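Enquirer: Listed below are the residues making up each chain.
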Amino acid sequence: MNKSQALTALTSAALLLPGLAAENSQVSLQYSRYQEGKRNLFDVKSQFDPLQVDTTRFSLDLGLYDRWRLGLTYTEDVWSGATPIATAPLAAQPNRPLDVTSGASPLLTGQVELDADLNPLRGGIKDSRLVHVLATASPEVRRAGDFRLGYEWNEAELSLLGGFSLENDYKSAYGGVSGRLDFNRKLTTLSYGFNYTHSDIQAILDHDSSPYIVKDSYRTGINLRQKGGLGLEQLVGKRQDFALNLGLSQILTRDDLLSLNLGYTRSAGFLENPYKAVTVLFIDPAQLGQLVLIGNRRALLEERPALRNQGVVGLKWVHYLASLDAALHLGYQFARDDWGIAAHTFEAQWIQPLGGGWTIAPRIRYYSQDQASFYQPYLLSLQPFEAIAKDSRGREIWVDGQGREYFVDSGDFFDASGNPVTPPDDVAPKRIRFNRQALPKHFSSDHRLSGFGALSGGITISKVFAKGVTLEAGFEYYAHAGSLKLSGGGEDAYSDFDFLVANAALKMDLEALQLSGLEHHAHHHHGTHGHHFLPAGLMYAHMMPAATPFMVGYRLMHQSQNGNLLHGSRRARDQLVVAKGCSPIACRYVPKKMEMAMHMLELMYAPSDWLNLMIMPQFMAMEMDIDELSGRPPRDPAVFEHGGKHTTGGVSDTLLATLIRLWHTPGHHLHLGLGLSAPTGDVHLKMRRMHQQEMGFHHFDMQLGSGSFDFIPSLTYTGEQGQWWWGGQLLGTVRLEENDAGWRRGHLAQASAWGGYSLTDWLGASVRGVYTFQGKMAGDVDGFSLRLGPMDFPQNAGGKFFDLGFGLSAIVPSGPFAGNTLRFEWLQPVMDDFYGYQLKREGALTFTWSYTF
Amino acid sequence: MQRFAVGITALLFLAGCVQVAPWERGRLAKPHMALDPNPNQSAIQEHVYSSREAGGGIKGAGGGCGCY
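Those protein sequences? They're chains A and B, same order as listed.
So the number in the working numbering is just where the residue sits in the first sequence, counting from 1, plus 645.
So the number in the working numbering is just where the residue sits in the second sequence, counting from 1, plus 24.
Some clues are possibly wrong.
Within a straight-line C-alpha distance of at most 30 angstroms, the following computed DSSO-like cross-link-like pairs (lysine-lysine) qualify [stated by the list, open to error]:
(1) B:54 with A:1108
(2) A:1035 with B:54
(3) B:54 with A:831
(4) A:860 with A:1035
(5) A:860 with B:54
(6) A:816 with A:1086
(7) A:683 with A:771
Chain B is nowhere near these chain A residues, computed Cβ spacing over 12 angstroms in every case [stated by the list, open to error]:
(8) 716
(9) 996
(10) 1192
(11) 1211
(12) 1238
(13) 1364
Just so you know, the hints here were simulated from the structure itself, not pulled from any lab data.
Source: prediction; values computed, not measured.
Built from N, CA and C at the ideal position, the CB exists for glycine as well.
Start from the sequences and build out the full structure, keeping to the hints where you can.
Expert: Right, here's the structure in full:
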């Protein structure tokens, strides 16, 4: 594309409708952090960390041939922290701390004193205040992928879309169509969309609170099942969502655009939040008339209607202010459903370009909703929670160990035929639970369904660099409060909370990059294949010339360990692991499988040909399945232990590096790398509490980083001759300190040698041999750990390994994606020689994408 | 609903009166005049709001529990 073609493209884009204009192909990478403030628990200080969510999002939007367009998005959320499980009268002290070290424990059951008007009493004085009952969760991961494939006609567009969202307990898949029709000389556009989402819920009830939740009256249609003999209970349900939307946008003047949108969503099935319970105070009516009554406080799983119809109307006006070159976006949205919720949203955003590629966009939003008709902070029920069963004559029914019933009259026992009998010793009163029919059909105390208002404000700042690279940062502060509800009547202040969302994004416009990169690519890509054709698994191995000073890259490494536990290089049987794997105590559990995914953003800058600077933030997500060992010592009934799947994830360590060219002749190149790893990854992750017990620190390999500053020197040689290319690298990782969790990962030394062949001028294949030596771990966890198995002991880390890597590298030589490099490498373990007892390595796949400009 | 239908009809009728020639649409084509000027930001906002509010969005696609 030359300059006049570019001008034509821009002009034709300008003639299209705003918002629907054919955009250039874009790649973007975004990271965001949601951080909630601490909840107000009144007299108890919550010792749980507030909820936080880390999100990384990678999206690709490509104009394919002519009129096809493909969009792909991948999102990974990792969330952890405290969240309300129920609401209770403050007088019940539901967040009473157990002790200083274990934090507040959710106490879902107990007794509450009430006055004659059923107001809660605290120390004999009326106290109607409410409080959330907080529970906490260790990191949970959600992965979601979406695609959109569209085709554009002159005056219409049609897209197919679909995607999935995967969590351990909640799996969704959706598909649909969307599109638009332009008419009235493209002054008016009609947009439409339809989609269907199917979700499978298999929620393991919060381990800590589940034993205290009443489930025997839970509605039919939802299955509650035992999971794997671990004493865990699972809620199983399905949910379907149909959504339909229609939009109309209209150009009003050369400065004004108006759009009207209608949406309808029908949701059916399991619409509950499986982790929310409702407090019920059962009051035995026999107490009525007393000055002080005792309420029996219980928690029931929330029950919502199995159907919800929601309609939404939205209006948006976009106005251009020519004197300031600014845009004002004003929006209003009204939503109404058959659960009784009506919600209003008002939004305003001012987008102000400032020159030099800077844009600043402050934004304000106000939201208000009514409460759902079945929302109740807690329920009062005038019936005993449990009572002794009585027959029609008012006689108590007792039952023995065989299930035989006896009827008690004036202290004497009678059988069903009315004969006096002497019951066996194990006879006890037959207890019956409360009458579910006397409670409302549906109830929930999820604050999402309460009446409240929310005020939020934020700002987005972006800077476009001349070459089509945009850096963007956004902040938003959000305050949720019952008192902010439109026309009043919102939930009390106990439910108020706030949060902050901060995000940073890197966006690249591939066509703009290509325009700016045309000249240097013309001479850069010839004769320098060796620099691009490298095995993907190598790091610090590529240097850039100053002619193309910037590189942006993304690296994904997926590593698995699976199968047998090895001691050195040999399989260790369970008896051996029990006896020796956890010295000086006995092992009870063993890892069966471990998966680790690392996402890395690689940013590189070449101020000169001999010096390159790199910065690489990393994100991790990990999963470990652990299983009980056969022949383990018997369980201690006082200690709750369990196997199953553990997950963690989040921000990992950040790498900084300098590459220095030592020697460069045609066909040969040598450079030195000096790297530093900064301990931005958390090494204090703990497993979630279960059955009112602390579970302690997570396994070493499930922590997100090394916790220490590490020095990473490397020396890389690369060579090429004709179609052949080769190289070698020595790399070390020296831990500079013990981390503040009390331990230090082993030092590491690695040697790689590789050879490759260019199959075409854009595709190369390589074979690599890698020898790795990792020293022993030093120190140990400074704090409580359950020490279930070998993965919790520092002697079971490090070793000597040999791997073979098989790789492919592709450089897009021309077309709209010229300058992009894609690489894959599969690393196949050939030899394991572990220290201690460790899980067999299965291999690692590395994928990298990079763009130099 | 009746009022709504009247509104839509009126809007469509008025639309017919609007005259903005293609060469007068330069300002409307500016990136900050797009209906969704920043899809990256709005994706994050929608995700956050949908896990904290019951009001719902127009498009309704996606999935996930958001059960915080």
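Enquirer: Hint by hint, say whether it matches the structure.
Expert: Verification of the supplied hints:
1. Restraint check: the Cα-Cα separation between residue 54 of chain B and residue 1108 of chain A comes to about 16 angstroms, which is no more than 30 angstroms; the hinted pair holds.
2. Under the criterion of a C-alpha separation no larger than 30 angstroms, the hint pairing residue 1035 of chain A with residue 54 of chain B is inconsistent with the structure, at around 78 angstroms.
3. Between residue 54 of chain B and residue 831 of chain A the alpha-carbon distance is near 16 angstroms, which keeps this suggested pair within the 30 angstroms criterion.
4. Between residue 860 of chain A and residue 1035 of chain A the CA atoms are separated by roughly 23 angstroms; this keeps the pair inside 30 angstroms, and the hint holds.
5. A C-alpha spacing of about 57 angstroms is found between residue 860 of chain A and residue 54 of chain B, which places the hinted pair above 30 angstroms, so the restraint is violated.
6. About 27 angstroms separates the Cα atoms of residue 816 of chain A and residue 1086 of chain A, which keeps this hinted pair within 30 angstroms; it holds.
7. Proposed proximity of residue 683 of chain A and residue 771 of chain A is supported: the alpha carbons are some 27 angstroms apart, at most 30 angstroms.
8. Not every CB of chain B lies more than 12 angstroms from the CB of residue 716 of chain A, the least distance being 10 angstroms, so the non-interface label is violated.
9. Not every Cβ of chain B is farther than 12 angstroms from the Cβ of residue 996 of chain A; the closest lies at roughly 4 angstroms, contradicting the non-interface assignment.
10. Listed as a non-interface residue, residue 1192 of chain A keeps its Cβ farther than 12 angstroms from every Cβ of chain B; the least gap is roughly 30 angstroms.
11. Once the 12 angstroms rule is applied to beta carbons, residue 1211 of chain A is consistent with being away from chain B; the minimum gap is 38 angstroms.
12. With a least beta-carbon separation of about 24 angstroms from chain B, residue 1238 of chain A lies farther than 12 angstroms from that chain, consistent with its non-interface assignment.
13. No beta-carbon of chain B is positioned within 12 angstroms of the beta-carbon of residue 1364 of chain A; the least distance is around 42 angstroms.
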